[in-house]
Amino acid sequence: MGNKVLMKGNEAIAEAAIRSGCRHYLGYPITPQTELAAYMAKRMPKIGGVFLQAESEIAAINMVYGVAATGRRVMTSSSSPGISLKQEGISYIAGSDLPCLIVNVQRGGPGLGGIQPSQSDYFQATKGGGHGDYHLIVVAPSSVQEMAQLTGLAFDLAEKYRMPAMLLADGTVGQMMEPVELPEEKDVEFTEKDWAVTGTKMQRPHHIVNSLYLVPDELERKNFERFERYRRIQETEARYESFLMDDAEICVVAFGIAARVSKNAVLAARAEGLKVGMIRPITLWPFPSQALKEAADRVKGFVSVELSMGQMIDDIKLAISCRKPVELVNRAGGMIMSPDEVLAGIRKMNGGDNQ
Amino acid sequence: MIVFEKPKSLTDAELHYCPGCTHGIIHRLVAEAIDTLGIEGRTIGIAPVGCAVMAYNYFACDMVEAAHGRAPAVATGIKRSLPENIVFTYQGDGDLASIGMAETVHAATRNENITVIFVNNAIYGMTGGQMAPTSLPGQITQTSPYGRDVKTAGYPVKVAELLSALDGPEFIARVAVNNVKNVKNAKKIIQKAFENQIEGKGFSLVEVISACPTNWGMTPQNALKWIDEKMIPYYPLGIFKDKSEGKEAGER
Chain A
1 MGNKVLMKGN EAIAEAAIRS GCRHYLGYPI TPQTELAAYM AKRMPKIGGV FLQAESEIAA
61 INMVYGVAAT GRRVMTSSSS PGISLKQEGI SYIAGSDLPC LIVNVQRGGP GLGGIQPSQS
121 DYFQATKGGG HGDYHLIVVA PSSVQEMAQL TGLAFDLAEK YRMPAMLLAD GTVGQMMEPV
181 ELPEEKDVEF TEKDWAVTGT KMQRPHHIVN SLYLVPDELE RKNFERFERY RRIQETEARY
241 ESFLMDDAEI CVVAFGIAAR VSKNAVLAAR AEGLKVGMIR PITLWPFPSQ ALKEAADRVK
301 GFVSVELSMG QMIDDIKLAI SCRKPVELVN RAGGMIMSPD EVLAGIRKMN GGDNQ
Chain B
1001 MIVFEKPKSL TDAELHYCPG CTHGIIHRLV AEAIDTLGIE GRTIGIAPVG CAVMAYNYFA
1061 CDMVEAAHGR APAVATGIKR SLPENIVFTY QGDGDLASIG MAETVHAATR NENITVIFVN
1121 NAIYGMTGGQ MAPTSLPGQI TQTSPYGRDV KTAGYPVKVA ELLSALDGPE FIARVAVNNV
1181 KNVKNAKKII QKAFENQIEG KGFSLVEVIS ACPTNWGMTP QNALKWIDEK MIPYYPLGIF
1241 KDKSEGKEAG ER
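Protein chains in written order, with this note's numbering: chain A, 1 to 355; chain B, 1001 to 1252.
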């Protein structure tokens, strides 16, 4: 530890995944996450790991499902259109209570969209994404350092709660280079999971990994159990960064690269004498609703800063039960707002001019 | 003295298949192969979506239920993760030759060291008898009520022939289970498909021509006859590819 190296965000994810004990990567090429797969292709064969370029995103996520069923740490990565293709498989993984990591280095949409950074997969990531009732643990890094840190955290949480986790990044954090302190190499010693398929060795009844329950009350019970687990996660695992919130009268809410831009705007607003702070969700699911709810008691309003047409803003309104106004500052399609645009939003919320 | 018993690799669960359906025979042949080779403790099976969706209750080894068509991808993940285990998929024609064609072809071309049991009964059974990728020209189904018209619905997919044209796969064969002679041969071929995997040879697929009296609208006896008269002439039996034996596509 202590050594900083200069790395691209996408590569930091890959190296952090390896250091956290991941030895299985299966994916399909797509911009802007290419470096991640390339890094894995180079490294995995040297350390006895598995790198496989699948025939499609659909095949890749189903290979992930297969590895996850054996109880091994496994990941895939893609970008928005590819993540849409993976949704069926993600639903099966959630329905079978299997852990894995899915990285989405988001680009603008809908459709083929563009290849520039975006946060417009927020709904898809935080509300389930595929068919049926389920959630993913969603972490949102805003620096290359966090790309590395949150990769290990996402794996750990996925395994702790036996559910898929998503690292929701954007093309900017994926592509930019920053100094990063990589996590220590974790012992990859494998412990058998008591639910995994590894062969019965004729010593136990067969394990079945499955999401099919044709008896409705059985399926309902499964869903109730899963949501009880989700409730515990919402109570204990929400993570966020609080920035200058102690005396704040306006609360900016932003994640990922939008939070980096917003931080500058908050400082500029402070220089103008405006009492502004920021809550930066680090987990998007569970959403830091409690922190926002408490902030709503003190501030006069919120500013949601997003690289989308306004998605997280709904969760902010829900968290604060619409008790305070929420202003949206947004860009879409691969465009990024400037600190001045955020500052204009802050001034508007403050009741001043927003020109 | 036991003269007849259920294979150990089948559980005691009662099969849900229709009267006259040959899935039961094919399950048994797979289980017998696993028993004979003594691999039950290290075998992992993948069930499809379709009539055999609940195969995970019938095979006594560890089992995974895959999404429709994705069994070869799931098998790939498992086999790459646990190369010492024996991994097989059990899939129908809609699953393997329609929605899952890409996964099938690419697992074959990678020569993924897995065993694929492909049950071809020329119809979608579970959903009530729709046209399958392998339904014969002129075959009447719920979604080809005037008979499969090749001008609009295209031609049946000959999976064994198609895959044997690839350089990748180790072993591709087609068998049937409509009479004792064919069943005995199918048993031998299915066992070989597992032996190939044990020996690390690679992708081995056995297409099994199977009967669906319920959705064909026939008695079980007539369904077995229909296999001889209609199915086998279109889908000839034999070993299409056996790389280790130097047998490539085209020689049968």
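Just so you know, the hints here were simulated from the structure itself, not pulled from any lab data. Wrong hints could be hidden among the right ones.
Derived DSS-like pairs: lysine-lysine, alpha-carbon spacing no greater than 27 Å straight-line [unchecked claim]:
1. B:Lys1158 with B:Lys1188
2. B:Lys1201 with A:Lys46
3. B:Lys1181 with B:Lys1247
4. B:Lys1184 with B:Lys1158
5. B:Lys1243 with B:Lys1158
6. B:Lys1006 with A:Lys201
7. A:Lys275 with A:Lys324
8. B:Lys1247 with B:Lys1008
9. A:Lys201 with B:Lys1247
10. B:Lys1187 with A:Lys201
11. A:Lys127 with A:Lys324
12. B:Lys1158 with B:Lys1006
13. A:Lys127 with A:Lys222
14. B:Lys1006 with B:Lys1187
15. A:Lys300 with A:Lys348
16. B:Lys1181 with A:Lys201
17. A:Lys201 with B:Lys1192
18. B:Lys1243 with B:Lys1184
19. A:Lys275 with A:Lys222
20. A:Lys193 with A:Lys222
21. A:Lys324 with A:Lys293
22. B:Lys1158 with B:Lys1187
23. A:Lys201 with B:Lys1188
24. A:Lys193 with B:Lys1006
Example chain B residues on the side facing chain A (calculated, C-beta under 8 Å, incomplete) [unchecked claim]:
25. Ile1044
26. Glu1103
27. His1106
28. Lys1184
Computed from a predicted structure; not experimentally measured. We treat Cβ as the ideally placed atom computed from N, Cα and C, and that holds for glycine.
Cross-check of the supplied hints:
| no. | hint | in the structure |
| --- | --- | --- |
| 1 | B:Lys1158 with B:Lys1188 | 22 Å, holds |
| 2 | B:Lys1201 with A:Lys46 | 24 Å, holds |
| 3 | B:Lys1181 with B:Lys1247 | 23 Å, holds |
| 4 | B:Lys1184 with B:Lys1158 | 23 Å, holds |
| 5 | B:Lys1243 with B:Lys1158 | 20 Å, holds |
| 6 | B:Lys1006 with A:Lys201 | 20 Å, holds |
| 7 | A:Lys275 with A:Lys324 | 16 Å, holds |
| 8 | B:Lys1247 with B:Lys1008 | 34 Å, violated |
| 9 | A:Lys201 with B:Lys1247 | 35 Å, violated |
| 10 | B:Lys1187 with A:Lys201 | 24 Å, holds |
| 11 | A:Lys127 with A:Lys324 | 24 Å, holds |
| 12 | B:Lys1158 with B:Lys1006 | 33 Å, violated |
| 13 | A:Lys127 with A:Lys222 | 18 Å, holds |
| 14 | B:Lys1006 with B:Lys1187 | 15 Å, holds |
| 15 | A:Lys300 with A:Lys348 | 12 Å, holds |
| 16 | B:Lys1181 with A:Lys201 | 34 Å, violated |
| 17 | A:Lys201 with B:Lys1192 | 22 Å, holds |
| 18 | B:Lys1243 with B:Lys1184 | 23 Å, holds |
| 19 | A:Lys275 with A:Lys222 | 47 Å, violated |
| 20 | A:Lys193 with A:Lys222 | 20 Å, holds |
| 21 | A:Lys324 with A:Lys293 | 10 Å, holds |
| 22 | B:Lys1158 with B:Lys1187 | 21 Å, holds |
| 23 | A:Lys201 with B:Lys1188 | 25 Å, holds |
| 24 | A:Lys193 with B:Lys1006 | 30 Å, violated |
| 25 | Ile1044 | 5 Å, holds |
| 26 | Glu1103 | 5 Å, holds |
| 27 | His1106 | 4 Å, holds |
| 28 | Lys1184 | 28 Å, violated |
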